[in-house]
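Participant: Please model the entire structure based on the sequences and the hints provided.
These protein sequence lines are chains A and B, in that order.
Read in our numbering, the first sequence has 6 at position 6, and its numbers run on one by one without any break.
Read in our numbering, the second sequence has 57 at position 57, and its numbers run on one by one without any break.
Derived from the structure by calculation, the hints contain no laboratory data.
Here a beta-carbon is modelled for each residue, glycine too, at the ideal position from N, C-alpha and C.
Some clues are possibly wrong.
Stated by the list, open to error - Cut-off 30 Å, straight-line C-alpha distance, at most; resulting in silico cross-link-like pairs (DSS-like, lysine-lysine): (1) B:Lys71 with B:Lys57; (2) A:Lys70 with A:Lys56; (3) B:Lys13 with B:Lys3; (4) B:Lys71 with B:Lys53; (5) A:Lys67 with B:Lys18; (6) A:Lys68 with A:Lys36; (7) A:Lys56 with A:Lys67; (8) B:Lys18 with B:Lys55; (9) B:Lys70 with B:Lys57; (10) A:Lys68 with A:Lys56; (11) B:Lys3 with B:Lys71; (12) B:Lys70 with A:Lys70; (13) A:Lys68 with B:Lys71; (14) B:Lys3 with B:Lys70; (15) B:Lys55 with A:Lys36; (16) B:Lys70 with B:Lys55; (17) B:Lys18 with B:Lys71; (18) A:Lys36 with B:Lys3; (19) B:Lys3 with A:Lys56; (20) B:Lys53 with B:Lys18; (21) A:Lys36 with B:Lys71.
Said to hold, decoys possible - If we take Cβ atoms under 7 Å as the criterion, some of the chain A residues that face chain B in the derived model are: (22) Tyr33; (23) Ala41; (24) Gly42; (25) Leu43; (26) Leu45; (27) Gln97; (28) Phe100; (29) Gly101; (30) Thr102; (31) Gly103.
As a plain string of letters, each chain reads:
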Amino acid sequence: GEDVEQSLFLSVREGDSSVINCTYTDSSSTYLYWYKQEPGAGLQLLTYIFSNMDMKQDQRLTVLLNKKDKHLSLRIADTQTGDSAIYFCAEDATGNQFYFGTGTSLTVIP
Amino acid sequence: DVKVTQSSRYLVKRTGEKVFLECVQDMDHENMFWYRQDPGLGLRLIYFSYDVKMKEKGDIPEGYSVSREKKERFSLILESASTNQTSMYLCASSEEFHYGYTFGSGTRLTVV
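Facilitator: Shown next, in the form of structure tokens:
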């Protein structure tokens, strides 16, 4: 499979910005995705970016894509305790399947 | 909203048992997937299916099989459960691959 890498843990204070990083390997990916997993639940699609875009903003979420470095990031502005979850990046690599990162566990400290 | 329903949230099975994990989606999606999730390893694809009676191996198919007799239902079968199959199992479906997946809530399987 492809290697999609993320840091395992991130802690931020409530109200600060969170930045979750991801590196991927397949330069032919068409879309890149961010999913959120709350405790005891499945994954929920948060946002995605088309590979010919550099940035996408959706309310408190900003996705940045550096295609040259194969680097994807998710910025959450004004992080709230409800944002505590595991965040997965994913790429739609060749072969019609997604490759998911290891997940970053975000802890928001009140 | 698309709903993907996994029949059990928690299961405890004995080593050597045959285990069935069921997944049903209600939006007529062509594509269905089974992943297992383990801490530090992320999600790993076990099997997926493009259509009824079609299946493709993912990255870790050993010890598993699948069945898709109807479009809405995709079953994962552990022929002889082993302790190293203790994990969270996630089912997902999608209309088109680039649209992203809709996941079920997961089944946490413990093999003792």
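Participant: If a hint holds in the structure, say so; if it does not, say that too.
Facilitator: Against the structure, the hints:
1. With a CA separation close to 18 Å, the supplied pair B:Lys71 and B:Lys57 stays within the 30 Å bound.
2. Under the criterion of a C-alpha separation no larger than 30 Å, the hint pairing A:Lys70 with A:Lys56 is consistent with the structure, at around 16 Å.
3. The hinted pair formed by B:Lys13 and B:Lys3 meets the criterion: a straight-line CA distance of about 27 Å does not exceed 30 Å.
4. A distance of roughly 9 Å separates the Cα atoms of B:Lys71 and B:Lys53; the hinted pair therefore holds under the 30 Å criterion.
5. For the proposed pair A:Lys67 and B:Lys18, the alpha carbon gap of about 45 Å is over 30 Å, so the pair is violated.
6. At most 30 Å may separate the alpha-carbon atoms for a hinted pair to count; A:Lys68 and A:Lys36 meet this at roughly 26 Å.
7. Proposed proximity of A:Lys56 and A:Lys67 is supported: the alpha carbons are some 14 Å apart, at most 30 Å.
8. For the suggested pair B:Lys18 and B:Lys55, the alpha carbons sit about 20 Å apart, so the restraint of at most 30 Å is met.
9. For the hint pairing B:Lys70 with B:Lys57, the CA-to-CA distance comes to about 19 Å; that is within 30 Å, so the pair holds.
10. Taking the CA atoms of A:Lys68 and A:Lys56, the gap is about 17 Å. The hint holds against a cut of 30 Å.
11. With a C-alpha separation of about 14 Å, the suggested pair B:Lys3 and B:Lys71 falls inside the 30 Å cut-off, and the hint holds.
12. The suggested pairing of B:Lys70 with A:Lys70 is violated, with an alpha-carbon distance near 39 Å, which exceeds 30 Å.
13. For the suggested pair A:Lys68 and B:Lys71, the alpha carbons sit about 40 Å apart, so the restraint of at most 30 Å is broken.
14. A distance of roughly 16 Å separates the Cα atoms of B:Lys3 and B:Lys70; the hinted pair therefore holds under the 30 Å criterion.
15. For the suggested pair B:Lys55 and A:Lys36, the alpha carbons sit about 27 Å apart, so the restraint of at most 30 Å is met.
16. Between B:Lys70 and B:Lys55 the CA atoms are separated by roughly 13 Å; this keeps the pair inside 30 Å, and the hint holds.
17. A hinted pair counts as satisfied when its Cα atoms are at most 30 Å apart, and B:Lys18 with B:Lys71 qualifies at roughly 23 Å.
18. Of the supplied pair hints, the one linking A:Lys36 and B:Lys3 holds, its CA atoms being roughly 17 Å apart against a limit of 30 Å.
19. With a C-alpha separation of about 27 Å, the suggested pairing of B:Lys3 with A:Lys56 holds against the 30 Å cut-off.
20. A hinted pair counts as satisfied when its Cα atoms are at most 30 Å apart, and B:Lys53 with B:Lys18 qualifies at roughly 21 Å.
21. Under the criterion of a C-alpha separation no larger than 30 Å, the hint pairing A:Lys36 with B:Lys71 is consistent with the structure, at around 27 Å.
22. Proximity of A:Tyr33 to chain B holds as hinted, the smallest CB-CB distance being about 6 Å (cut-off 7 Å).
23. Given the 7 Å rule on beta carbons, the hint for A:Ala41 holds: about 6 Å separates it from the nearest Cβ of chain B.
24. A hinted interface residue such as A:Gly42 counts as satisfied when its beta carbon comes closer than 7 Å to some beta carbon of chain B; here the least separation is about 4 Å, so the hint holds.
25. Taken as an interface hint, A:Leu43 checks out: its beta carbon lies about 4 Å from the nearest beta carbon of chain B, inside 7 Å.
26. Using the Cβ-Cβ criterion of 7 Å, the hint placing A:Leu45 at the interface with chain B is satisfied: the shortest such distance is roughly 5 Å.
27. Given hint, A:Gln97 at the interface with chain B, holds; its Cβ is 6 Å from that chain's nearest Cβ, closer than 7 Å.
28. Taken as an interface hint, A:Phe100 checks out: its beta carbon lies about 4 Å from the nearest beta carbon of chain B, inside 7 Å.
29. Hint on A:Gly101 holds. Least Cβ distance to chain B is approximately 6 Å, under the 7 Å limit.
30. Look at A:Thr102: its Cβ gets to within about 4 Å of chain B, closer than 7 Å, so that hint holds up.
31. This hint holds: A:Gly103 has a C-beta 5 Å from the nearest C-beta of chain B, less than the 7 Å allowed.
Of the numbered hints stated above, those contradicted by the structure are hints 5, 12, 13, listed in ascending order.
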